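Take a look at the letters that make up each chain.
There are 2 protein chains.
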Amino acid sequence: MLLVDGKIAEGAAATAYGWVQSIREQKTITFVILMENREPLQLVIKDKRLARKVKVHASIMVKGRVAMTERAPRGYEIHVEEISVLNKPRKIPPFDIMAKEEPSIDVRLDYRPVDLRRPSSMAVFKIRARALQLFREYLVNNGFIEVNTPKIIATASEGGSALFPVMYYDRQAFLAQSPQLYKEELTMAFERVFEIGPIFRAEQSRTMKHLSEATSLDVEAAFLSNEEIMDLIEGMVKHVIKGLNSEPQLFAALKAKPPALPERFPRFTYSEIIEKLKGLGEDIAFGDDLTQKSLEEFGNMAGGFYFITEWPAKLKPFYIMPKENGLTSSFDLMYMGLELASGGQRIHDPVMLRKSIKEHGLPVSSFKFHITPYYYGMPPHGGFGLGVDRFIMVLTDRKNIREVVLYPRDLRRLVP
Amino acid sequence: MLLVDGKIAEGAAATAYGWVQSIREQKTITFVILMENREPLQLVIKDKRLARKVKVHASIMVKGRVAMTERAPRGYEIHVEEISVLNKPRKIPPFDIMAKEEPSIDVRLDYRPVDLRRPSSMAVFKIRARALQLFREYLVNNGFIEVNTPKIIATASEGGSALFPVMYYDRQAFLAQSPQLYKEELTMAFERVFEIGPIFRAEQSRTMKHLSEATSLDVEAAFLSNEEIMDLIEGMVKHVIKGLNSEPQLFAALKAKPPALPERFPRFTYSEIIEKLKGLGEDIAFGDDLTQKSLEEFGNMAGGFYFITEWPAKLKPFYIMPKENGLTSSFDLMYMGLELASGGQRIHDPVMLRKSIKEHGLPVSSFKFHITPYYYGMPPHGGFGLGVDRFIMVLTDRKNIREVVLYPRDLRRLVP
Chain G
1 MLLVDGKIAE
11 GAAATAYGWV
21 QSIREQKTIT
31 FVILMENREP
41 LQLVIKDKRL
51 ARKVKVHASI
61 MVKGRVAMTE
71 RAPRGYEIHV
81 EEISVLNKPR
91 KIPPFDIMAK
101 EEPSIDVRLD
111 YRPVDLRRPS
121 SMAVFKIRAR
131 ALQLFREYLV
141 NNGFIEVNTP
151 KIIATASEGG
161 SALFPVMYYD
171 RQAFLAQSPQ
181 LYKEELTMAF
191 ERVFEIGPIF
201 RAEQSRTMKH
211 LSEATSLDVE
221 AAFLSNEEIM
231 DLIEGMVKHV
241 IKGLNSEPQL
251 FAALKAKPPA
261 LPERFPRFTY
271 SEIIEKLKGL
281 GEDIAFGDDL
291 TQKSLEEFGN
301 MAGGFYFITE
311 WPAKLKPFYI
321 MPKENGLTSS
331 FDLMYMGLEL
341 ASGGQRIHDP
351 VMLRKSIKEH
361 GLPVSSFKFH
371 ITPYYYGMPP
381 HGGFGLGVDR
391 FIMVLTDRKN
401 IREVVLYPRD
411 LRRLVP
Chain L
1 MLLVDGKIAE
11 GAAATAYGWV
21 QSIREQKTIT
31 FVILMENREP
41 LQLVIKDKRL
51 ARKVKVHASI
61 MVKGRVAMTE
71 RAPRGYEIHV
81 EEISVLNKPR
91 KIPPFDIMAK
101 EEPSIDVRLD
111 YRPVDLRRPS
121 SMAVFKIRAR
131 ALQLFREYLV
141 NNGFIEVNTP
151 KIIATASEGG
161 SALFPVMYYD
171 RQAFLAQSPQ
181 LYKEELTMAF
191 ERVFEIGPIF
201 RAEQSRTMKH
211 LSEATSLDVE
221 AAFLSNEEIM
231 DLIEGMVKHV
241 IKGLNSEPQL
251 FAALKAKPPA
261 LPERFPRFTY
271 SEIIEKLKGL
281 GEDIAFGDDL
291 TQKSLEEFGN
301 MAGGFYFITE
311 WPAKLKPFYI
321 MPKENGLTSS
331 FDLMYMGLEL
341 ASGGQRIHDP
351 VMLRKSIKEH
361 GLPVSSFKFH
371 ITPYYYGMPP
381 HGGFGLGVDR
391 FIMVLTDRKN
401 IREVVLYPRD
411 LRRLVP
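Protein chains in written order, with our numbering: chain G, 1 to 416; chain L, 1 to 416.
Pulled out of the complex, with its shape left as it was, chain G reads as follows (with noise of 0.2 Å):
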C-alpha cells in the first residue's frame, strides 16, 4: 500500500507498506526493493542507524518523500526518513527469493507462501488472473453469462470412473468431474453460459500434466455447428495471447513470452492422424486412442495450437453427437501434444439422449433428471471445456501443472 501526499512528484510526503524483497548495502546509502501491492518500490535510506532495522522478508511500513528519478523501477523512489518493522522474521528462509537456481518443486510447495514471493512464482499467477480477466472479457462480449453450478453431485456426469466419493449427510454422492450436464442444461434458458470453477478427478498416476483439483473453463451454447464452436475457442484464446502481448512486463520475470499463434488453427481429422502415424510406421489404427507419445509424436510435427477433430464416437462420452461411420461433431484443442481443451456438438434430442446413454453402458435411471429437460424443447448446443491450469502452463512456458496452481493436489499432496 502506497499513500502519497496529493500527486506523484518530487518531494512529495509518502507512505509505503509492503515486504522486503532485496537489500543493496552502498557505502553511504543503502537501497531497498520493497514489494508494494505485487510492485518493487525502490526505497533509498541515506541513515545507517535506520538501514539496520531493515531485514529481507520482513513486512515494514516506511514514511519519507518521493524522488523522480529513472533510475528506479517506476520512475521514483523513496527516500525514507522513517521506518517501522510491522512483522520481521522470526527463522532463516527455506530459500533465497532471489537467488537464480530454483528450489525443488516439493520445497517450493511445502513453503508456497515463501515461494510465491519469488518473482517467477509471483509473475505466473499475475499472468494467470490476467489470462483469467481475458478470457472473461471475451465471452461476455459474445454474449456469455457467467454461472455456478454445484460441485457435489449424485451421478458422475462423464461416466463414473475417477470419482472422489463425499459423505452427503446420510449419503453417498460424488465431486464433479466437470460441469458438463449442468451448462448443456442450462442452454435451455440461456443460451450462452460459462463458468470458471474447480474439477475434480481422482488421477492414479502423478505426472506432470494431471492434478486431482483443477481449474476448467467450461462453455457452451445453443445453435453453434462444431466448426462454429472452434472459431468460438480459437478467437478466445487469440483474444487472451493478444492481450498479454501488449503487457509485456507480465513476461519479464519468467524469461518467457506468449506463443505464437498462426493465422488460423489448423484442423486434423482424427483418422488423418491415424494414417501420419502409420506412415511413421506406428503400431496404431483407426479406434484405438491416442496415447501420449502418439500425441507428442503428432504434436512435434504439427508445432503450436491445432484442432484434432471428428474422433471416433467409442472415444467419446455419451453426450457427444454421432455423425456417419461411427465418427462424431467433436474436436479437441491441442498444444504441441498437450490436450488443452475437447468439446463439440451434443445430443439434444431427448431419445437419442437415452439411447448414447445406454449404448455407453451407464444406467439411464441415474440420468433421469438430466433427460427430463430435454423433453421441453432444448435447443441443439455444443460447447468445450478447457483445462485453465494447462492453458497456463502453456502461456508461461511451465513443464510442471504444479507450478501454475497455488496450493496442487495430487495422489500424495494434500497440505499445505
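Treat the hints as calculated values from the structure; they're not laboratory data.
Values in this document were obtained by computation on a predicted structure and should not be read as measured data.
Any given hint might turn out to be false.
The list makes no distinction among identical chains, and a pair is therefore deemed to hold if it is satisfied within one copy or across any two copies.
Calculated cross-link-like contacts (lysine-lysine; reagent style BS3-like; alpha-carbon spacing at most 30 Å) [to be verified]: (1) 88 with 278; (2) 126 with 63; (3) 242 with 126; (4) 316 with 209; (5) 238 with 126.
Since the structure of chain G is provided, determine the placement of chain L on it from the hints.
Leaving out everything else, chain L in the frame of chain G:
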C-alpha cells in the same frame, strides 16, 4: 443468436435462433416473442400456415426482414418468411412459464432448466452474473488479484464441525468451508487477494438462508485496519448497487429494485446491541451469541445495511485479532437482521497464532503448515468473507436462498 445482413435497419435480411416464450394470435397476424440470447425479440408472422409451426418452448430458427417499430421490445421486429423447428416440446410443460402465479420452489427446482425460462427466474441470474462482474471490477480497481485455492483440504479451517468428509485416495479429507487460511497466507506475497468460489457446510437444518454448497466472495488485504476493511466492503457494496441501479431493465421482471444506500453504513458495537436488546426486555447478556430472533429484532430497528463490530473473542474463530477486554477487531455486515459478511483483522504473529489455536481447543499439529509461513514476515492483514447468494437475495428481494442458486444443495436436495 441473431444474424443480420449489415446493420439492423428497415428491410435488412435477418436470421434469428431462439426459443419461443409466448404466442399472441390476432385475426391475420401472429406475434411471437422469441427469446434470443436472454432478450425478447418480436417476430411477426402473417402466414397462418407458417404460424402453426410455432409452439411455446420450441427451439426455432426463422428467416425474415427487419422492420423498425416502437411497439417491439427492441425497437424492431422480424417479419418472418421462413421457419425451421430445431427441437419441439415433446411433453406438456410442468407449469406455464408466463403465468402470474409462481409454482412451488420444489417443482421449480425439479424442472430447473424450464423454470429458468420464467422471466423472474431469468432476471435473478442475470442480476447475479452482473453483480459478480461489479464485485470483480471494484476489487481489481482497488489493486486486488483473483486467486483459486483448493476445495479439498486436510484440516478444518474454522475448527471442525459441519464438514463434509471426502475419500481422498486412501485418506480422509474434507471439503473446504472457506478459503480462510489460504487467503491469509497469500497476503504475504500478493498483499491484496480475492476469490469467488464454492464453499461447503454440512448444515444440519433446512432454512431459507442456508445451503450445503454456497458461493463465497473472500477478500483479504495486508496493512488495513479493521475500520479500513469495513470501508472497503462498504465501498464494494455501494459500487455493486450503484452499478445495478444504472441498469433498471434488469429488475423489470422482478418488480423489485436494489436496496437503498445510506450515506454511510451505521456501525454498532456488539455491546451496544446487547444493551439495546436488554432494554427491550430480552433475556440476554454480554458473551451470548446473537440468535436469529435477536438479529432480526435489532435489524428491524436498524433497517438496511449496518455493521456489528467488536465481537467477544469467544464468539469468533482463532484467527481473529483480540483486543482488550475479551473483545476483537471484527465485524459482521448485516442487512435487516441477515448476516451478509463476516470479517476483521487477523493475528499475524506466529506465536500468538499458535496460542490462539490452542486456546480455541484445536490441535496445533493440524495447523503446522499454516503457521509455518508466519515465521517469515507475514504482514498484518485482515479481510472478510461475503455470502454471495445471500447478497443476491437482498438485491433481488427473494426470501428463499434456493431462488438465487441454480442447483441448490441442502439436507434433502442433491439432484438435479
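Against the structure, the hints:
1. In this assembly of identical chains, residue 88 and residue 278 lie within 30 Å of each other by CA distance neither inside one copy nor across copies; the values are 63 Å within and 45 Å between.
2. Proximity of residue 126 and residue 63 under a CA criterion of 30 Å is satisfied intra-copy only: 28 Å inside one chain copy versus 46 Å between copies.
3. For the identical chains of this complex, residue 242 and residue 126 are neighbours both inside a copy (16 Å) and across copies (29 Å), given an alpha-carbon limit of 30 Å.
4. Taking the shortest alpha-carbon separations for residue 316 and residue 209, only the intra-copy value of 20 Å comes in at or below 30 Å, while the best inter-copy value is 40 Å.
5. With identical chains, the CA atoms of residue 238 and residue 126 are at most 30 Å apart both within one copy (19 Å) and between copies (27 Å).
The structure fails to meet hint 1 from the earlier list, while all remaining hints are met.
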